[in-house]
Each structure stands twice: as C-alpha cells, then as structure tokens.
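Number of protein chains: 2
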Amino acid sequence: MSVNIHDIAYSLQNALNEHPDLKNLQSLYAQILADPNAKPLFSEFQNFQMTMQQKMMQGAQISPEESTQAQALMAKVSQNPLISNLMQAEQRMNLVIQDLNKIIMKPLEDLYSSLNR
Amino acid sequence: MSVNIHDIAYSLQNALNEHPDLKNLQSLYAQILADPNAKPLFSEFQNFQMTMQQKMMQGAQISPEESTQAQALMAKVSQNPLISNLMQAEQRMNLVIQDLNKIIMKPLEDLYSSLNR
Ligand SMILES: [Ca+2]
Ligand SMILES: [Ca+2]
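First to last, the protein sequences are chains A and B. Note that this note's numbering has the first sequence beginning at 1, numbered continuously upward. Note that this note's numbering has the second sequence beginning at 1001, numbered continuously upward.
What the hints contain is simulated information worked out from the structure, not anything from laboratory work. Every value quoted in this text rests on a predicted model; they were computed, and no experiment measured them. By construction, the Cβ of each residue, glycine as well, lies at the ideal position given by its N, Cα and C atoms. It cannot be assumed that every hint is accurate.
To be verified - Capping the alpha-carbon separation at 25 angstroms, the derived lysine to aspartate or glutamate pairs in DMTMM-like fashion look like this:
#1 B:K1106 x A:D99
#2 A:K76 x A:E90
#3 A:K39 x B:D1110
Claimed, not checked - Restraint-style ranges between C-beta atoms, simulated for each label pair:
#4 A:N37 x B:K1102: 18 to 26 angstroms
#5 A:N37 x B:T1068: 13 to 21 angstroms
#6 B:M1050 x A:Q71: 31 to 39 angstroms
Construct the entire structure; sequences and hints are all you get.
See the structure below:
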C-alpha cells in the first residue's frame, strides 16, 4: 500500500496546485511584487511579522510598544487593496489546508484520542 | 475542484487508516495498555514528556537536573521491548506523515520559496 498512498498524495498535490484559492494567492503575490506602492509596504509587513515570530519562538514577551506598532502597521497595510486581498486569500488558503489536514490525519487523531479516554 | 480535492483527501485518509505503520502503532498501544509492566512505565514517560513540552512552549529552560532525569527515564523505558518498539513505530509513522506533507504542500512551498528568491 506504500506506493498507493504516495500516488494519492501526488493527486492531492495536483488538486492543490489547480485550486482556485492557490491560483488567487499566486496572482496576488505577483501583483504585489509588480506594484510600486504595495511592494515596499508588503516588505515592511513581512519583516515585522518575521521579527515577531522569532520573538514568540524564543518565548519572549511582546512589549506594549510593539503591540501598538503592530496595530498601526496592520491598519496601514490593510488600506492597500492588494495586501488586504492577499491577507484574505491567505486566510482562505489556510482554511483549505486545515480542512485537508483534519481529513487526512483523522486515523492518527482517532488513535491518540482513544488513548486519552 | 473543491469537491474533488476533498474526495482525494478522504482517499488518503483511508490509505493512512490501512497503512501497516498505523496498524503496527495501534497494535503496540493496545499491547502496552494491556501489559502490567509496560503500562505504568509508559504513563510515567508520557507525563514527563508532557511536562517538558509545556515548559518548552512557555519558553522555560530545561534544568541540568531535568535533563539527567530525562536521560535516566529514557534509558529505563527503552529497556521495555514494547515501549522501545512503540518509539520506533512512532518514528516510522512520523516519517510517513512528513513524507505525505512534503508531497501535498509542494505547491505552497514552491510559491513561498519563489517569493524569497
Ligand atoms: Ca499504505
Ligand atoms: Ca480544488
């Protein structure tokens, strides 16, 4: 069955590759990178996000100043329609992935939840 | 395509459910829970692991004492053949899942790696 399970995984890869939410995401990234207003704003946002993620992974606290800074940056970037659309597209893509993971991982989920009963 | 992608995900769920590595894992858990030597040892190990994971998630340091304690517990549990087999079975299952994830998530991996070039 090991060959079979990989074949199915590749079919899922193809379906994801053709998924309208992925196509939309690819298109929005391309538009942002080609847009002189959106591009630098998006870079600023990505850098800030990366810094915050590293802090969280290190278990560091987010300061009140950083929290205010994050809200201001969020307000600024979400006024750009391309970036605002991208954020919504990312959320939709995340829901698709979560959905797939929930379905695929059910056999393991069932095993581990039966152990905790 | 949204219906189709779910059908494929359910096929993958079925393939995972029939996967020999999952069957093996289910069987080992059942044997451990039915074994008067392995069961309490396994509980001790699980509790210790959970405590360590919580610490790491909180960003807390693991003390040298805890590290020594972890090694001693690891040595003790791995002498039990059922638990030792379970650990190997978990590793094999993890590799299967990692493998599937790598295949399925390639379209997103490709998108994000193209952005960082
Ligand atoms: Ca299989
Ligand atoms: Ca689809």
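Hint by hint, here is what the structure shows:
1. Proposed proximity of K1106 of chain B and D99 of chain A is supported: the alpha carbons are some 17 angstroms apart, at most 25 angstroms.
2. With a C-alpha separation of about 18 angstroms, the suggested pairing of K76 of chain A with E90 of chain A holds against the 25 angstroms cut-off.
3. For the given pair, K39 of chain A sits about 20 angstroms from D1110 of chain B by alpha-carbon distance, which is consistent with the 25 angstroms threshold.
4. Between N37 of chain A and K1102 of chain B the beta carbons are some 36 angstroms apart, a value that contradicts the proposed interval 18 to 26 angstroms.
5. Between N37 of chain A and T1068 of chain B, the C-beta spacing of about 57 angstroms breaks the proposed range 13 to 21 angstroms.
6. At roughly 35 angstroms, the beta carbons of M1050 of chain B and Q71 of chain A sit within the given window of 31 to 39 angstroms.
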